[in-house]
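**Student:** Full structure from sequences and hints, please.
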Amino acid sequence: MENFYLTAEEAAIVFTPRVMELKNRAIEKVMLLMGQLQEALAAWDAAAGFPFEPVWLQQGPKISKGEQYKSLPWVILDYPRYFSKTDVFAFRSMFWWGHYFSYTLHLAGMVKKQFEASLMAAYEPLAAAGFQVYLPDDPWEHDFENGNYRSIGDMSLAEWKRLVGRKNFIKLAKPFALERWGEIITDIVEAYATLLNELTVKRP
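Each residue of the sequence shown is one higher than the last, beginning at 1 in my numbering.
Fair warning: there could be bad hints in the mix.
[Claimed, not checked] Estimated spans, in silico, between C-beta atoms of each pair:
1) 168 to 14: 44 to 50 Å
2) 124 to 147: 21 to 27 Å
3) 181 to 151: 41 to 47 Å
Note that these hints are calculated values from the structure, not bench results.
Quick reminder that beta carbons are idealized off the backbone N, C-alpha and C, glycines included.
**Tutor:** And the structure:
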């Protein structure tokens, strides 16, 4: 039978309601931050004129939150957000309590096929910008632990091309330290712009 008695560390939290009040206020501020981030991303879209297929934008932005991503609270903004049974075009911004912010481009199915050549040709700029590529077969892990991601700069061009072509999806991401709180909107918009620009660069 499990012991239900609290440790001293657990009791210090359970007996102090202020802890949860502060945690809830912090999550509310993350939700506000994600709303402002979505507006900043949409403003970049309006100025840049990326060639979105209309269906990729029909689902609209979504901000969600939860308490148990690997035992810790999280907040996610999906914008743009297109998920079908086979195809994905999504940008996911995530706050993970006690860890980091992250930003992920997720392409799958025919959408990924459409941009595959551009991605293969973007090896150098993506590596220089510090992006990482997702390795597991299950696309629904979001953290950078346990070898989930590898830096593009740590692989050869041949490895990169092989990795881009080997699955029906690809995820490119960057983590940002929580200490970047005041700059995170700018950081993520810059990452977003870099990725979308690379998808549309015409190379010989």
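**Student:** Does each hint hold? Answer for all of them.
**Tutor:** Evaluation of the provided hints:
1. 168 to 14: 44 to 50 Å: At 46 Å between Cβs, range holds.
2. 124 to 147: 21 to 27 Å: Taking Cβ atoms as reference, residue 124 and residue 147 lie about 24 Å apart, which means the hint holds.
3. 181 to 151: 41 to 47 Å: violated (24 Å)
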